[in-house]
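Q: Whole structure, please, built from the sequences with the hints as guidance.
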Amino acid sequence: MSASPSRAAGSGAVVLIDGRSGAGKTSLAGALAARTGAALVHVEDYYPGWNGLAAGAEAIVSEVLEPWLRGESVALRRWNWHEDRFEPAGALAAGGNLIIEGCGAISRRSRPLADLAIWLEGEESLRRTRARARDGDDAWWSPWREQEDAFYAAEGSPTLADLILGPATGVDELMALLSERGFAF
9 MSASPSRAAG SGAVVLIDGR SGAGKTSLAG ALAARTGAAL VHVEDYYPGW NGLAAGAEAI
69 VSEVLEPWLR GESVALRRWN WHEDRFEPAG ALAAGGNLII EGCGAISRRS RPLADLAIWL
129 EGEESLRRTR ARARDGDDAW WSPWREQEDA FYAAEGSPTL ADLILGPATG VDELMALLSE
189 RGFAF
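The numbering of the sequence shown is my numbering, which starts it at 9 and goes up by one.
Careful, some of the hints might be misleading.
Unchecked claim - Between beta-carbon pairs, the in silico distance windows are:
id, residue 1, residue 2, range
1, Ile172, His90, 28 to 38 Å
2, Pro56, Asp180, 28 to 38 Å
3, Gly104, Ala184, 21 to 31 Å
4, Phe191, Pro166, 36 to 46 Å
5, Asn59, Ala184, 36 to 46 Å
6, Glu188, Asn59, 15 to 25 Å
7, Gly45, Glu131, 31 to 41 Å
8, Ala141, Gly178, 16 to 26 Å
Keep in mind that the hints were calculated from the coordinates and are not lab data.
We treat Cβ as the ideally placed atom computed from N, Cα and C, and that holds for glycine.
A: What follows is the structure in structure tokens.
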């Protein structure tokens with residue numbers, strides 16, 4: 009776990025949760041947010057379509073993380089996958105704790121701004137089954153995997169993580185691990 013980055017008064021912990029598609033990031037992040045009351049932002053809301061992993065990862069830093077750490081409220085946006093455009097998605101108030109989850113959450117730009125980075129591992133067959141159940145098919149699996157390969161090779165995301173967990177890790181287990189390491193929300 010890194011030292012806390014400098015930030016505006018009132019800002020709490022920043023946790024990044026990353027891993028390949030279907031690893032369980034969204035489920036774990038949702039459970040962690042529910043348990044701790046942290047705000048939750050999904051990197052996938054910032055992908056400009058299926059070819060936008062790197063752009064979404066950059067946008068999450070410049071449009072969400074950096075302004076939030078300065079103590080600013082953030083106007084959130086979400087990619088409308090059916091209309092191929094961004095649309096407003098509410099606001100993120102300054103202060104409190106923040107969880108950012110999704111493919112591309114951990115990057116060389118985001119990591120120094122966070123208190124904790126979690127990488128989720130999982131066998132490709134399990135991840136692909138989960139992604140197919142979530143997305144309805146896997147037509148985008150191979151092109152998305154190629155983007156993941158390129159992004160994670162360039163960024164070294166798994167090596168930047170404080171914790172590497174399996175796809176079955178639940179929030180109780182995560183909270184126990186965090187407590188053992190002295191991390192608290």
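Q: Taking the beta carbons of Gly104 and Ala184, is their distance inside 21 to 31 Å?
A: holds, 23 Å
Q: Given the hint of 31 to 41 Å, is the C-beta distance from Gly45 to Glu131 inside that range or not?
A: holds, 33 Å
Q: Taking 36 to 46 Å as the hint, is the beta-carbon distance of Asn59 and Ala184 inside that range?
A: holds, 39 Å
Q: Can the suggested window of 36 to 46 Å be confirmed for the beta-carbon pair Phe191 and Pro166?
A: violated, 19 Å
Q: 16 to 26 Å was suggested as the range; check whether the CB atoms of Ala141 and Gly178 agree with it.
A: holds, 19 Å
Q: Take a look at whether the Cβ-Cβ distance between Pro56 and Asp180 falls inside 28 to 38 Å.
A: holds, 36 Å
Q: CB of Glu188 to CB of Asn59, is that within 15 to 25 Å?
A: violated, 40 Å
Q: Just to be sure I understand the hint, the distance between the Cβ atoms of Ile172 and His90 should be within 28 to 38 Å; is that true here?
A: holds, 35 Å
Checked against the numbered hints given earlier, the structure breaks hints 4 and 6 and satisfies all the rest.
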